[in-house]
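Undergrad: As a plain string of letters, each chain reads:
Protein chains: 2
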Amino acid sequence: MTRLLLTALALTLAAPAHADTLVDNVNGITLDKDGKLLRFTGLVIDKDGKVKELLDRKDKRPERPDFKEDGKGRTLIPGLIDAHGHVMGLGFQLMLLDLSETNSLAEAQAAIRKYAADNPEMPWIIGSGWNQERWGLGRFPTAADLDAAVPNRPVWLERVDGHAGWANTAAMTAAKVTAASKSPDGGRIEIVGGKPSGVFVDAAMSLVDSAKPKPLARDLDRALYLAQQKLLEQGVTTIADMGTSILDWQAFRRAGDKKQLAVRILSYGGDIDNMAMIAGSEPTPWLYDDRLRMVGVKLYLDGALGSRGAWLKAPYSDAPGQTGLPLLTPAQLRNKMVRASMDKFQVTIHAIGDAANAEALDAIADLTADLPGERRWRIEHAQVIDPADIARFASLKVIASMQPVHQTSDRLMAEARLGPDRLKGAYAWRSLQAAGARIAFGSDVPVESANPFAGLAAAISRTDAAGQPFGGWRPEEAVSRETALDGFTRTAAYGGFAEDRIGTLMPGMRADFLIVETDPMLASPDEIRRMIPLETWIGGYRYYKKEASGGGR
Amino acid sequence: MTRLLLTALALTLAAPAHADTLVDNVNGITLDKDGKLLRFTGLVIDKDGKVKELLDRKDKRPERPDFKEDGKGRTLIPGLIDAHGHVMGLGFQLMLLDLSETNSLAEAQAAIRKYAADNPEMPWIIGSGWNQERWGLGRFPTAADLDAAVPNRPVWLERVDGHAGWANTAAMTAAKVTAASKSPDGGRIEIVGGKPSGVFVDAAMSLVDSAKPKPLARDLDRALYLAQQKLLEQGVTTIADMGTSILDWQAFRRAGDKKQLAVRILSYGGDIDNMAMIAGSEPTPWLYDDRLRMVGVKLYLDGALGSRGAWLKAPYSDAPGQTGLPLLTPAQLRNKMVRASMDKFQVTIHAIGDAANAEALDAIADLTADLPGERRWRIEHAQVIDPADIARFASLKVIASMQPVHQTSDRLMAEARLGPDRLKGAYAWRSLQAAGARIAFGSDVPVESANPFAGLAAAISRTDAAGQPFGGWRPEEAVSRETALDGFTRTAAYGGFAEDRIGTLMPGMRADFLIVETDPMLASPDEIRRMIPLETWIGGYRYYKKEASGGGR
Chain A
1 MTRLLLTALA LTLAAPAHAD TLVDNVNGIT LDKDGKLLRF TGLVIDKDGK
51 VKELLDRKDK RPERPDFKED GKGRTLIPGL IDAHGHVMGL GFQLMLLDLS
101 ETNSLAEAQA AIRKYAADNP EMPWIIGSGW NQERWGLGRF PTAADLDAAV
151 PNRPVWLERV DGHAGWANTA AMTAAKVTAA SKSPDGGRIE IVGGKPSGVF
201 VDAAMSLVDS AKPKPLARDL DRALYLAQQK LLEQGVTTIA DMGTSILDWQ
251 AFRRAGDKKQ LAVRILSYGG DIDNMAMIAG SEPTPWLYDD RLRMVGVKLY
301 LDGALGSRGA WLKAPYSDAP GQTGLPLLTP AQLRNKMVRA SMDKFQVTIH
351 AIGDAANAEA LDAIADLTAD LPGERRWRIE HAQVIDPADI ARFASLKVIA
401 SMQPVHQTSD RLMAEARLGP DRLKGAYAWR SLQAAGARIA FGSDVPVESA
451 NPFAGLAAAI SRTDAAGQPF GGWRPEEAVS RETALDGFTR TAAYGGFAED
501 RIGTLMPGMR ADFLIVETDP MLASPDEIRR MIPLETWIGG YRYYKKEASG
551 GGR
Chain B
1 MTRLLLTALA LTLAAPAHAD TLVDNVNGIT LDKDGKLLRF TGLVIDKDGK
51 VKELLDRKDK RPERPDFKED GKGRTLIPGL IDAHGHVMGL GFQLMLLDLS
101 ETNSLAEAQA AIRKYAADNP EMPWIIGSGW NQERWGLGRF PTAADLDAAV
151 PNRPVWLERV DGHAGWANTA AMTAAKVTAA SKSPDGGRIE IVGGKPSGVF
201 VDAAMSLVDS AKPKPLARDL DRALYLAQQK LLEQGVTTIA DMGTSILDWQ
251 AFRRAGDKKQ LAVRILSYGG DIDNMAMIAG SEPTPWLYDD RLRMVGVKLY
301 LDGALGSRGA WLKAPYSDAP GQTGLPLLTP AQLRNKMVRA SMDKFQVTIH
351 AIGDAANAEA LDAIADLTAD LPGERRWRIE HAQVIDPADI ARFASLKVIA
401 SMQPVHQTSD RLMAEARLGP DRLKGAYAWR SLQAAGARIA FGSDVPVESA
451 NPFAGLAAAI SRTDAAGQPF GGWRPEEAVS RETALDGFTR TAAYGGFAED
501 RIGTLMPGMR ADFLIVETDP MLASPDEIRR MIPLETWIGG YRYYKKEASG
551 GGR
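Chains as they are written, first to last, in the UniProt record's numbering: chain A, 1 to 553; chain B, 1 to 553.
Quick caveat, the hints were computed from the structure, so don't treat them as lab data.
Errors might be hidden in some of the hints.
[Stated by the list, open to error] 20 Å max Cα-Cα, derived EDC-like pairs, lysine to aspartate or glutamate:
| hint | chain 1 | residue 1 | chain 2 | residue 2 |
| --- | --- | --- | --- | --- |
| 1 | B | LYS344 | B | ASP318 |
| 2 | B | LYS258 | A | GLU282 |
| 3 | A | LYS336 | A | ASP273 |
| 4 | A | LYS259 | B | GLU282 |
| 5 | B | LYS214 | A | ASP271 |
| 6 | A | LYS344 | B | ASP257 |
| 7 | A | LYS72 | A | ASP56 |
| 8 | B | LYS214 | A | ASP273 |
| 9 | A | LYS259 | B | ASP290 |
| 10 | A | LYS50 | A | ASP290 |
| 11 | B | LYS214 | A | ASP343 |
| 12 | B | LYS259 | A | ASP289 |
| 13 | A | LYS258 | B | ASP290 |
| 14 | A | LYS52 | A | ASP70 |
| 15 | A | LYS52 | A | ASP66 |
| 16 | B | LYS47 | B | ASP66 |
| 17 | A | LYS545 | A | GLU69 |
So that you can see chain A by itself, here it is in the shape it has in the complex:
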């Protein structure tokens, strides 16, 4: 049982801020501004919701704080920052059909059938989370597999990585897809027996996407509400939203305007059009007491490994003719980077394959000298890197924005797709760090769960939820506990130009923190993975409290 305080948000924020709050008797942990671990037993919060003072056991407490909270000796850690997620994607995952826990095609078909029966009014059945690898299917699913579950209404389901979609015959009919349809640039219609199989990869997804009914504003608002609830529950106090659309942004603003935005969102516009439409000719100011800012733009340079859209230097080991797809020409990529940078937007590039990472680095090398200001280039995922390119992350000062849980979910697939030789540069956290690069950690929610504790555990152990493989997959790439925490706090903030206000609990920073049961600097990876926040505080207010009697989510 959990108790969610989000509904009380408007009230809380509207109430006059109390003056000093003392959170005392805690096992407090934070990194300082240089990344050194620091411990404390009390935290004083000022009337603006910022940290006023960290107290040692021997330090004098304020005499009459307006509000006092007894931590009862529990551990207090900084609010965790997800450096790469999709806020509305999470929200819609919570609203729509979620297949991410299905373990076979038959299980998925049963879930689809049940959801359709439960939601007779929905014009389309829309969902996500399927993964033919997890099912052990050995092939993509087909429209016929879906027709068997729901023949009479369009069904359209995104793959777990968001890089492929699966349609039934009714959806393809609604989208006017026929055997004569052509794959668009940067996409692929899967063909079986001379006609579309029902699976659409990358840019080809838009063929069906464009036919599905658009969500209404109230759907977006509901999705944002659900996403915030989930993030608060999981201890995420800030999330970088990677690829914000104008519709997403309007939902963020509606929530902010109504004082219903609790979780901080660092927004990156979905390509240049959304960036410019939303923020204009420069990043927005921080809005709603540092709860929302559009800081930059997200560009897509390739797809994902699962759908073989990731752009590799050499062909896939399990599909010899294919190397994946670059989604931008060199000129397109550089033009977009210059356009955004000239207006002081931060640029982050989705690059999964080693060819995409090399090209992103090349582009950054080409442009860095001629662009003004501090750029803080980012590469999202940086999953498969040619070892020869690793040092370039440091020399070009590129932030590697990586998602530890991807490694544990992908490892078997990565082995198949890449073969043994290319694994050296795959999910190479420690190598990047050793080379001097900064790493921000995230979840890629809804591709994975937003749960950052799973990420912390994977980062230090290279093991999955079942603790597999024993000793970790390529364990030499695991990072220290300090580095893992840094990636989910201090460097995640730095990666979004936010280190002057969040990411640590040093005086002057926003008082975003969690109360947890176990000290993550001492607990086993398995204990860390099972950690559930008892309380989530943002800006000096408690937004979430787990009920004492509860059994977690």
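For chain A, the structure is supplied; the task is to place chain B on it using the hints.
TA: Frame of chain A; chain B shown alone:
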């Protein structure tokens, strides 16, 4: 010489609000909440920028106000509210080529030639304001007329009423318009000698509009800045923006976020799509200390008289075959009205011709009983009304949102278009009032100047800037000074659900007011028309002050 204080806005708004301000020794005028004229000599403003108290000569003054302003016996009136304008249209008019002061085709051609020479970097020459009636041309201008001025770059110029566009050959080429092009529904490509003449009416304008380069965000921001400057200078403290696009809205928000929004904007989304994308499933809250709110949606039911797009019951007197165009079917209009109303948005319908007004009233009559809440239906312009329909404005509680200066600009054209018999219901302010309808007054800027004093003068005199015709055009439709002021203050606020915060200077209302040289309750129409605000105050801050030595604009 004028001094504009808008640049100091960020500073002003960021400064801690002072406590009480006393504006004393004024000839103060306001309507009270019931519309009765009230006089005062002192005004006390509280720390939130609201009116705290109105003082009579004999009333005791606050002992130690934080700020004291001596009105030196000058007149203080409520800030004027423009119930119908186009904020970004005004801004772009100020940035782009403005032909509204040209008196002949030759003058216009010279202005176009000069503007093109002055702006060699502009890919297209874009502008507005032409009026072949004012030129006495007796026909629409043609592409050849434009080619004579600028042959080598696309030129695209909107007519003064925004209901027609004039392209040169280069613009038509860029837009791929040929003799084979078809007029779209609700629009007309003017044909001369079997091919497009260069003039595109109503929906046909989009053929060329869609080919012109889109303005950048920085252009929008600049336009908004210029529009605000102009409005402050003219004494407009609030404007209803009729047909806000998502791009307009984003510019408003950027200004608000940077504390650079001075003038209050009551926004009506341009049709349902913009409304829903911007505000979601209900009107926005008041934002930025009551400076911005999306309250409703603007629907277009017909075009304008000048371009013969206004939808008439009987054919135009000067074009016997034509009755103008309805832009929505009965079902479309009602569907949009229901969709917006169910989400509590206010609905306002552009209706100029008598057929359009009758249809708008029919639709309102059809729907009122079944929709929840207080709807405050509005009809924009309500220019030509079948006398049989006038009483329906009152019985259906429809606000007539009218623009007095249109009457003076249009009268000769209206006589030609309508013939003598139909003039009885044209610009029929007094008849509407006598029937019991409420009238909000505005400018329709940039179709006319935003200057509300010209509107006040026209409202009470039915004469134009030259005082013509002597005694007024159909003077029986002139309104009293109180009604004119009411239309530009109290009822303009009521028309946007804003009467609880602006429109009068009663205690509790925002302290939006002007200092002027002459008492508009005593001055002649001609004196009123020439009035220029000496100071413009919004929310208790002075944003504009005319320099004492100045000669006005």
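Undergrad: Confirm or reject each hint.
TA: The hints, checked one at a time:
1. Of the supplied pair hints, the one linking LYS344/B and ASP318/B is violated, its CA atoms being roughly 42 Å apart against a limit of 20 Å.
2. Proposed proximity of LYS258/B and GLU282/A is supported: the alpha carbons are some 12 Å apart, at most 20 Å.
3. Note on LYS336/A and ASP273/A: the hinted pairing holds, with a Cα-Cα distance of about 10 Å set against a maximum of 20 Å.
4. For the suggested pair LYS259/A and GLU282/B, the alpha carbons sit about 15 Å apart, so the restraint of at most 20 Å is met.
5. Distance hint between LYS214/B and ASP271/A is fulfilled; the C-alpha atoms sit about 17 Å from each other, no more than 20 Å.
6. The straight-line distance between the Cα atoms of LYS344/A and ASP257/B is roughly 17 Å, inside the 20 Å bound, and the hint therefore holds.
7. Straight-line distance between C-alpha atoms of LYS72/A and ASP56/A comes to about 15 Å, which keeps the hinted pair within the 20 Å bound.
8. With a C-alpha separation of about 12 Å, the suggested pair LYS214/B and ASP273/A falls inside the 20 Å cut-off, and the hint holds.
9. A threshold of 20 Å between alpha carbons decides the hint, and for LYS259/A with ASP290/B the separation of about 16 Å falls inside it, so the pair holds.
10. Between LYS50/A and ASP290/A, the direct Cα distance comes to roughly 11 Å. Compliance with the 20 Å bound is thereby established for this hinted pair.
11. A threshold of 20 Å between alpha carbons decides the hint, and for LYS214/B with ASP343/A the separation of about 18 Å falls inside it, so the pair holds.
12. Taken as a hint, the LYS259/B and ASP289/A pair is honoured in the structure, with Cα atoms around 15 Å apart against an allowance of 20 Å.
13. Note on LYS258/A and ASP290/B: the hinted pairing holds, with a Cα-Cα distance of about 14 Å set against a maximum of 20 Å.
14. The hinted pair formed by LYS52/A and ASP70/A meets the criterion: a straight-line CA distance of about 17 Å does not exceed 20 Å.
15. Under the criterion of a C-alpha separation no larger than 20 Å, the hint pairing LYS52/A with ASP66/A is consistent with the structure, at around 14 Å.
16. Among the hinted pairs, LYS47/B with ASP66/B is consistent with the structure: their alpha-carbon atoms are about 10 Å apart, no more than 20 Å.
17. Annotation: proposed proximity of LYS545/A to GLU69/A holds, straight-line Cα distance about 13 Å (limit 20 Å).
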